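Q: Join the two chains, each given in its own frame, into one complex according to the hints.
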Amino acid sequence: MTESENKNDLKPPITEVGWLGWIRKNLFGDWFSGLLTFACLYLIWKIGFPALQWAVLDSHWSGTADDCRGASGACWSFVRHNYRFILFGFYPYEEQWRPALCIAIFVGMLFISKNPIRWSRKLLYGWLVVFVVIAVVMRGGLAGLSRIDNNVWGGLTLTLLLAVVGITLAYPLGILLALGRQSRMPAIKMLCVAYIELIRGVPLISLLFMASVMLPLFLPEGLVPDKLLRAQIAIVLFAAAYIAEVVRGGLQAIPRGQYDAAQAIGLSDVHRTRLIILPQALKIVIPPTVSIFISTLKDTSLVVIIALFDLLHTAKATLSNPDWLGFSTEAYVFVALIYFLFCFSMARYSVRLESILSPEKSGSV
Amino acid sequence: MKIYISPNIQLKYLLTLLINSILVISFTSSESYAGKTLEAVKSRGHLRCGVNTGLPGFAMADPRGIWRGLDADLCRAIAVATLGDSSKVKFIPLSAQQRFTALQSAEVDVLVRNTTITLQRDAAMGMNFGPVNYYDGQGFIVHKDLKVKSALELDGATICVSPGTTTEANLADYFRGKGMTYQSVVIESTDELTQAFFAGRCDCYTADASALAAARARVKFPHDYHILPEIISKEPLAPAVRHGDDQWLDIVSWTVWAMQLAEEYDINRKNIDSMLESMNPNVQRLLGVKGNFGEILGLDNKWAYNIVKQLGNYGESFERNLGNKTKLKLSRGLNQVWSRGGILYAPPLR
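Those protein sequences? They're chains A and B, same order as listed. Take 1 as the starting number for the first sequence in this note's numbering and just add one per residue. Take 366 as the starting number for the second sequence in this note's numbering and just add one per residue.
No wet-lab data here; the hints were simulated from the structure. None of these values were measured; they are calculated from a predicted model. Backbone N, C-alpha and C fix where the C-beta goes; we use that ideal spot for every residue, glycine too. Hints are supplied without guarantee of correctness; some may be wrong.
As the list claims (entries may be wrong) - Pulled a few chain A residues facing chain B out of the computed Cβ check, cut under 8 angstroms:
(1) Arg69
(2) His81
(3) Phe90
(4) Val213
(5) Asp323
(6) Ser328
(7) Thr329
Stated by the list, open to error - In silico SDA-like links for lysine to any residue, alpha-carbon gap of 20 angstroms or less:
(8) B:Lys585 / A:Gly141
(9) B:Lys453 / B:Glu404
(10) B:Lys453 / A:Gly141
(11) B:Lys585 / A:Ala71
(12) B:Lys694 / A:Ala65
Stated by the list, open to error - Derived DEER-like restraints, expressed as beta-carbon distance ranges:
(13) A:Asp149 / B:Asn666: 27 to 33 angstroms
(14) B:Gln462 / A:Glu94: 29 to 35 angstroms
(15) B:Tyr710 / A:Arg200: 54 to 60 angstroms
(16) B:Leu484 / A:Leu124: 56 to 62 angstroms
(17) A:Asp149 / B:Asp589: 53 to 59 angstroms
(18) A:Ser295 / B:Thr483: 36 to 42 angstroms
(19) B:Asn666 / A:Ser295: 55 to 61 angstroms
(20) B:Lys635 / A:Asp149: 33 to 39 angstroms
(21) A:Glu94 / B:Lys635: 26 to 32 angstroms
(22) A:Gly201 / B:Lys514: 55 to 61 angstroms
(23) B:Leu484 / A:Ser295: 40 to 46 angstroms
Same shape as in the complex, but just chain B (with noise of 0.2 angstroms):
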């Protein structure tokens, strides 16, 4: 005869077994973390490189699932720096809320999404940033049968702008500065307020530059429309670390640093061998042919070489990506090397 355990007694049996099951799930499951981000990049073999879900030009899936973009190359270039491989990278899409929680509880080494610097992720939110990759900042689009030139003129103008954003209170902000009115027109979704502003329902909509590109991008003329040379905010965007592990912080900083400073000697994809025989020191140093640079890095000395072999420069990821041969058609702007009119000055390399 079998002997039966009474209901109760079974349901407390599983459902202790079902909590310690999680547990147990909870504490495999997942690669430890180990002291220096660094040592555990290499350990790993991988990097781990938190981006955006989806922004044109910055980071966001091709119909192959590849992630393409400024922000992705950066990823890619950390990955070679510390790997030597841009293909071992991990993207982990994250969401605008998501994001720094992911950075603290160490989800992923990096931080590249689009994010700006402000005193209060720098300082209260154990976090630092390296240098600028991209200086972005909200600007104005407008028809060209408005024939507004400048933002000046915008006096009473309908404005399309989405709801309870920087953007919002950026506008309010310049507008009440300058004496001027306008009136808004308020719509959440970034799709349907660029469709109300093609179809007419404002004169004027407002966005971060980079985005208003992308929006212009999808019309069927996009050169009836013109961006105003007015842009009212800063948003400078960088990739952000960890605060307590200053040598990660060294490897990302210079990560950008680099493919700035090859754009500035004119070192690409296609010379760079060839650049290998430069008696410019300058070049010598960066290149590891003088110097033992990417060994104090706790790098290969041949951080820069690979970076720029498999990638290219800053200028050629911006023109893959952002350029005029993209649909966004960015002119280079504050995003240039600082020897050809930007504001990207990249600190000596020695």
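The shape of chain A in the complex, shown without the other chains (with noise of 0.2 angstroms):
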């Protein structure tokens, strides 16, 4: 009975359902819209197109700069050339298989960790030991590895170096700071504040600048730390600061009950903090505290005043080579590509880790 109520049912119009319904109700859905949508595939076609014949049709992809010169496309053998010092920078050529192992191991090392469900103990550690690894095999000295100064370092490797180790190291200070600044006690509260203001009132710039011109007129000689070192120190008290504003915003969007609840059960401070309070606190945050991240990343570009060749300062200097004079384009949308995949990608895990981390919220687990 009810399959031959359903033959005659009529079916709705090829017009509201399937592809064309979906273009009618989301492109064409009144006057003005659809406008816009017109407008758009102008667009499209104005910009997209002459990009795509740019990038892809008319592109260059073998060949010397001059064979480029003759041709209207991209000229991607500029990035076939030139990517090695891009990526590492001045880390000796027949060596550059070291930092692109760190790298594969410390991306490998990411997805492993992906998934919250391995976090652990063990996990925590084998980061440790992956750190000392790559350390090992950056610098070398040791099981027959020769050794290679942090003054050669460069390009990408350069860039994820200070982002990660700036980011590891000021995840925890930040927090510190966070919990410092609400702390009953006044002399490290005012510490904490005076520190996250002095800092958020400074650009990067300065603070960097600061450490790589000012720092050594006023140590000794022969006890400034290196360049890099200093640059880094700069990047993790920067971004300590930020991290601990956004922390400090999760600490206070926790009610008042759970400090009394936990107080209530009997646990210490240091328990409530660690166990209730934390917890809840660092998953509110969490897209704030990844905007961090990726503006931590985007900052290390500015290390290029104090002459340290990261990412886009490798791909500006390959600029500067009489030889491929002129393909700024192909070099920074390369490096652009680069920057992209990282901040992209960061973006979308936290996404997904607060998605995982709130099955109260979406059931999604």
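A: As structure tokens, this is what we get:
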């Protein structure tokens, strides 16, 4: 009976369902959105097509700069010739497998620790081991690897190093500062407030500048830490102040009742903070925290003013090579893609992490 | 039962730990700077040389990350003179603001970063300059279609210039001095500035002559552009060292001069071994066959021989980095030994 009824039902008109229906509903819902659709199509035609033509159809993938100059499209052979310098900087050419290996290990480790199910003390030790291995492989001087000083580290390696070490050290430091700011002891509170406001009151570029130009003048000759370490410390101190403020936001969002309840079941201050308050607070602030991580990664490009060769700077340096002058677009597109890859994956991951850690919200564990 | 410390005490402890560890790291991570520069370089086993972060022809990384350029070669030459090996040099790229601090704080042993000698730098900034390694000066480049043969014909021209530099000030001085007018097009980034010029936004582009040559090298038809003969400023570029170590200044100076003298006496990389038998006393002294001039400087007696053997004379370095075989195609001009019409006049080595 129900079958025959279904047979006699009129099907909805073809313009209401399927892809046609979707187009009609979403792109031409009323005259205004119809107009916008046409405007967008026109823009895509005007911008997208030439971009495609430039980047793919007319592009050059091999040959020298002179071959490229004759062509109208992108010159990707510029990237092919220079990518090793852009990625690894001054790291000795024959030894560049070492930073490549380190980046591979690091990215692999990220994949392993992607899922919170695997988070454990063991994984933490795993990371410590990985950091030691990376340090040894990069620096050498052990196990038959030649010693390579950090003044030749550059390119993507340096960008990742500054960002990862910066974030890893700044995060706990930021949490401590945020807790310190909430402290009942006036001295600690004052110190933390002063630190946070002082650092947030100056731009990163001035911190880097002070670390690189002024610090050596104050310290006695020979006691100056090397340039990379100075920049790294400046980045850590800077990011920590911002993370502290983000975490403070999370701490303040925790209802008073949680504190009282923790006290009522007899938890000490440390336990209360560690088991009840921080887990909730840190979860709430995942999105702004990741924003700070992303901006830390991008801010590392400011080290150009103290003449460290990060990803952007190595790309710029290849541009001044007389053999390859005039291919700035290709270089910047290449670098932008790399930055985008890292920043976008961080952003996506934060969304995922949020939903995994909040079963009460989405239920999509 | 465990005893828990209050979070505040823990925090204090952690902060102290942090501060201490930063101090410890900073005290242990850098090498100690012991007395005289030469001894420091020898005991360290390499020279620390401050260079530009990327200036074609002077100091620039090639795609393999190896430093190329006239300045880079001078760094290597000093390494050869002091340590006998051109690879024993650590290049430390420095920005314009960083360079003097880096020298004063002993982060570098010598600064070879296309630095113009000025009175203020020489006297007030605690540094001493060696002999000039390259005479640069501000010039003009125009399109050939403009049919301009001299800067004096540029009255009323639009000129591309980068803002806030001595270049801009020199330009204003020059035109005011000649009673001419001009319209300036001011763009911050060098890359965009040169693109604006080659796209025809200005009649003329002004910068240091070596930079003009570098800009010209990038266009499709470099022969369409013409660098005018007038040079309107003096930019003598020289290596610099810290005040207070005269022996080190002597070594840097004589390294520059040795390369120039080698060219003057026609000693180059190819013929140097046969030159050891030369009867010319000047050559004999330079190559350490006669006399103990290296030892007087505190170096190996074969110091100059090693420099030319490994790097060539000044002319070879010039041709390799700036000359006609490179994209820059700079002519020798003033940077030619005095006996061939230039102003490189190295004092006698005796």
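Q: Confirm or reject each hint.
A: The hints, checked one at a time:
1. Arg69: Given a least distance of 5 angstroms, the restraint on Arg69 of chain A holds.
2. His81: Holds - the Cβ of His81 of chain A comes within 8 angstroms of chain B, reaching about 6 angstroms at its closest.
3. Phe90: holds (4 angstroms)
4. Val213: Check passed: Cβ of Val213 of chain A comes within 5 angstroms of chain B, closer than 8 angstroms.
5. Asp323: Holds, about 6 angstroms.
6. Ser328: Holds, about 6 angstroms.
7. Thr329: violated (11 angstroms)
8. B:Lys585 / A:Gly141: violated (47 angstroms)
9. B:Lys453 / B:Glu404: Roughly 15 angstroms separates the two Cα atoms, so the pair holds.
10. B:Lys453 / A:Gly141: The hint holds at about 17 angstroms.
11. B:Lys585 / A:Ala71: holds (11 angstroms)
12. B:Lys694 / A:Ala65: holds (17 angstroms)
13. A:Asp149 / B:Asn666: 27 to 33 angstroms: Once the Cβ atoms are compared, 31 angstroms apart, the range 27 to 33 angstroms for Asn666 of chain B and Asp149 of chain A holds.
14. B:Gln462 / A:Glu94: 29 to 35 angstroms: holds (34 angstroms)
15. B:Tyr710 / A:Arg200: 54 to 60 angstroms: Taking Cβ atoms as reference, Tyr710 of chain B and Arg200 of chain A lie about 57 angstroms apart, which means the hint holds.
16. B:Leu484 / A:Leu124: 56 to 62 angstroms: The hint (56 to 62 angstroms, Cβ to Cβ) holds, given that Leu484 of chain B and Leu124 of chain A are roughly 60 angstroms apart.
17. A:Asp149 / B:Asp589: 53 to 59 angstroms: violated (46 angstroms)
18. A:Ser295 / B:Thr483: 36 to 42 angstroms: Roughly 40 angstroms apart at Cβ, these two residues keep to the hinted range, so it holds.
19. B:Asn666 / A:Ser295: 55 to 61 angstroms: Taking Cβ atoms as reference, Asn666 of chain B and Ser295 of chain A lie about 58 angstroms apart, which means the hint holds.
20. B:Lys635 / A:Asp149: 33 to 39 angstroms: holds (35 angstroms)
21. A:Glu94 / B:Lys635: 26 to 32 angstroms: holds (28 angstroms)
22. A:Gly201 / B:Lys514: 55 to 61 angstroms: Given range 55 to 61 angstroms: holds, Cβ gap about 57 angstroms.
23. B:Leu484 / A:Ser295: 40 to 46 angstroms: The hint (40 to 46 angstroms, Cβ to Cβ) holds, given that Leu484 of chain B and Ser295 of chain A are roughly 44 angstroms apart.
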